[in-house]
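Asks: Can you make the complete structure from the sequences, with help from the hints?
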Amino acid sequence: MTYGSSWAAATIPVWVALSDTGRAHNDAAQALRAEVEQALPGRIEWRVAHWSQFAGAAVEPQWIVAVGTAAQRGMQNLFARDTTPPPLLSILVPRLAFERMADPARLRAGSLSAVYLDQPPWRQLELIRLALPNVRKVGMLVGAESKGHLPALEKAAKERGFELAVTAVEADGLFEALQSVLPNADVLLALPDPAVFNSQTAANILTAAYRRQVPLLGFSPAYVKAGALLALYSTPTQVGVRGGESLRQALTGKALPAPQWPREFTVAVNQDVARSLGFALDEALIGQQLRQKERP
Amino acid sequence: MLSRRLFAVLSAPTLALLSNCAGAQEVSEKDYFDELPVVLSVSRLAQPLRDVPGAVTVIDRDTIRRSGARDLTDLLRFVPGFVIGHINGANPIANYHGDFDALNRRLQVFVDGRSIYSTLLAGNVSHPMMGMVLDDIERIEVLRGSNSAAYGANAFSGVVNVVTRAATDVPRFSTSLALGEKGIADRSVRAAWGDERLAVRLTAARSGDSGFDNVIDDKRVDQFHLRADLQPSAADDVMLTAGSVRHQWGATDMLRSENWRNVFVQGQWRHNVNADNDIRFNGSFDEEKFVDQIYYFTLLGVPRPYRADGTGRRLSLEAEHTTRILPGLRLVWGGQWRHQEIRSPDLFKEQSALTAELRRVFGNVEWQLGEKWIVNAGAMWEDHSIVGAHTAPRLSLNYHVLPGHTLRFGSTQAYRLPALFELRGNWQTPSLPGSLVLASGGIKPERLVANEVGYVGEFRQFGLTVDLRGFEESGSSIARYFGGYPNDVVNKDRYRKRGWETQLRWKPRPETQLLFNHTVLNIRAWATGDTHISDELSAPSHTSGLVWFESLPAGFEFGLSYLTYGAMTWGGKNDVLDTQPRVDLRLARRFNIGGTRAEVAVVTHSATGSYQEGDPGRYFPRRTFATLRLDF
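Residue numbers (my numbering), protein chains in the order written: chain H, 953 to 1248; chain E, 312 to 943.
It should be emphasised that the hints constitute simulated quantities derived from the structure, not laboratory data.
Fair warning: this is a prediction, and the values are worked out from it, not measured in the lab.
A portion of the hints provided could be inaccurate.
To be verified - Some chain H residues near chain E, calculated using beta-carbon distances under 10 Å:
#1 Asp972
#2 Asp1070
#3 Glu1097
#4 Ser1098
#5 Gly1100
#6 Leu1158
#7 Tyr1162
#8 Gly1179
Ideal placement from N, C-alpha and C gives every residue a C-beta, glycine not left out.
Replies: Written as structure tokens, this is what we have:
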């Protein structure tokens, strides 16, 4: 056994499977690697590629990081017949997508975990309280998919004295849903659901809400650019860093932490919309106050 | 092991394909990273009240619904500075700070960006103001004070901007009915359909009543409105409106009956070029027909009909560009061309059509200087084919003293271009030889210089908004029918109106809304010929109003409004009106029958009894009516 090979044996093979080779997924992967490398420099043998390129790989990974929904599904399928598949950390996945795919047994066993892309309900509501102190009624348009967020949101709303006005969007019934939710809402909380919020419907929802002077809280920077008053989101880098922390923990012998929300987040305000609706909002200050609230 | 990998390789694309199809409605990170078109671009965002270069009263849909009002004029009672009068029960008129005769041609009224006024009847806006169904209105923005720099010559005393509800914002089917005393019978049906790309609403309505007591003024308004909203792409939206309005009054078995009909079409296209540039094109065509039929008696006592009929047409085309030059500097500029045509041998003694053309170029900048100052500066250049060219400038400074507290200083000069009747009118009646009105055509545009200071206070923690406006409005070259017989239109009158007005909007708790208005107005007038009492009292020296809306348990709603006026005259006559406080009451209940939303209400206008509002003998009667509205 040569020195070189013994060194090689000490490296840990980790696969980073990307759902997409675009900027967002790459940013998340890079942030995750940087975070791990900082603690364990040179110890990892990274293999970063689109998830479909791992089939037929010669070396079995010790750890798998899936960046995005398709990568998680692909990696799970790849090892579906293994009795002891390598532990999998899924990052940049919406909670509902992760939970749909996750095998509860593996979750319990601690060989599967995630860092979600979405924001925890309490953070969304605390942001509303900070930025829009007069808001009592939080309106939501939900579809079959985003209904899954309701139990947690309802609980968080109750604890904070908010009232939820939820309207389900039936097929082809966006306008009826808007007519029913907007008169009962002080703010509209957008929840990702391709059947409700997509590039086609965003224009209708934003204009209808604006006509009614109901501000919209979006879940991505694109919403703020398009005309939402504010958005709360975590950037791929922020999610990647959190993912790196989880993986580092696991690599240093501790158990893989349970699925978690991204710790770092960004608050963005569309100043033109804020001015038109009569709000004076400082995105940096609100973000800072929100972070302070979460600190124990 | 190998077989697994092989299987995975083969199945991977298939699975991806499947997940794309089945998963089209399933959330993935893609939802977070998708780009969206800019929807609320620079020109689609309205200026907030504190940055607007003038005093604005907004009447929202909830207020409209709970007011118990039956037409637009009724609603303007709740706007500080507005004075309501009646030629008769069928012809209500709303003026800002009073006017010196019984026409309303100094107010600019827009419906979805289309200027509404009668080309034929000297620019009067009263008939077109009948031509809207209140339940179709989303919001009314009333700009109190002159703003010709932004809206042109008609915006001499103020601007009423009516925004109707988009086809996508109304229920699929609605119907309403009102029945009550004094012949009140109003009904309307509305249907809406469509999707994200094209949505249409259609409204048909008929309203009517028997007007005032002891006056022959039965009224009926029939109207039909269509609005289509198209969204061909994320960057474009198109609005099409069309409609017809027929306002008729007098009774068929009486000696005089009048009716005014209007059909219109309008198209507007807005295109979002990029985040900082928007363009808008607007075109509209209006046609009106007026029939005034009177029976007169010949020397032998034989009744003979006399008609004063006419048609008016106008075509208006407008283009507007909104751009953000710097982060805090917005510019709106554009141009308009308008063609007006009148044919009325009865009112003009002229068989052929009379035409006038108007060309306009306008520009307005809004400049934010730091956190505290907003400068609004603008001007409009107008060239009228008969009267010539004029420029109306405006400058306004808004100073944000503290968050929620804004002071405003503004100065503007406005012109009102004479209507064709004031330039070329020649009105004869068969019972008299010669002309009743014979316009020599020599008049200049009316001119107004207005200075104002304003304050807007937003006390969010108390749910209170305060608006205060102090003003001095100096009018010169004001037109008047003068000479007795025949009357010429001369414009040598001057006036100076000084005063202040305030509006408080208070929502102490979600169930309670209070609105308080108070206006103090002093008019000095220098009129052609004798000084007229009517001029100096053309608006009351003080007006106060209180509106109280309360939401009660079990879907009940209560509304009360109280208005009181100081002494005033009306319609250029020297009689001081017998005004009394006016009290309106409304009790309603909203409930659901299955999926249908219903509202029943009982409304009483002028609950404490009749009072004079308009010409001698024109008493607004107490009237109670019930309404039913169903939204399916």
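Asks: All hints, please: hold or fail.
Replies: Each hint, compared with the structure:
no.: 1; hint: Asp972; in the structure: holds, 8 Å
no.: 2; hint: Asp1070; in the structure: holds, 8 Å
no.: 3; hint: Glu1097; in the structure: holds, 5 Å
no.: 4; hint: Ser1098; in the structure: holds, 7 Å
no.: 5; hint: Gly1100; in the structure: holds, 9 Å
no.: 6; hint: Leu1158; in the structure: holds, 4 Å
no.: 7; hint: Tyr1162; in the structure: holds, 6 Å
no.: 8; hint: Gly1179; in the structure: holds, 3 Å
Checked against the numbered hints listed earlier, the structure breaks none of them; every hint is satisfied.
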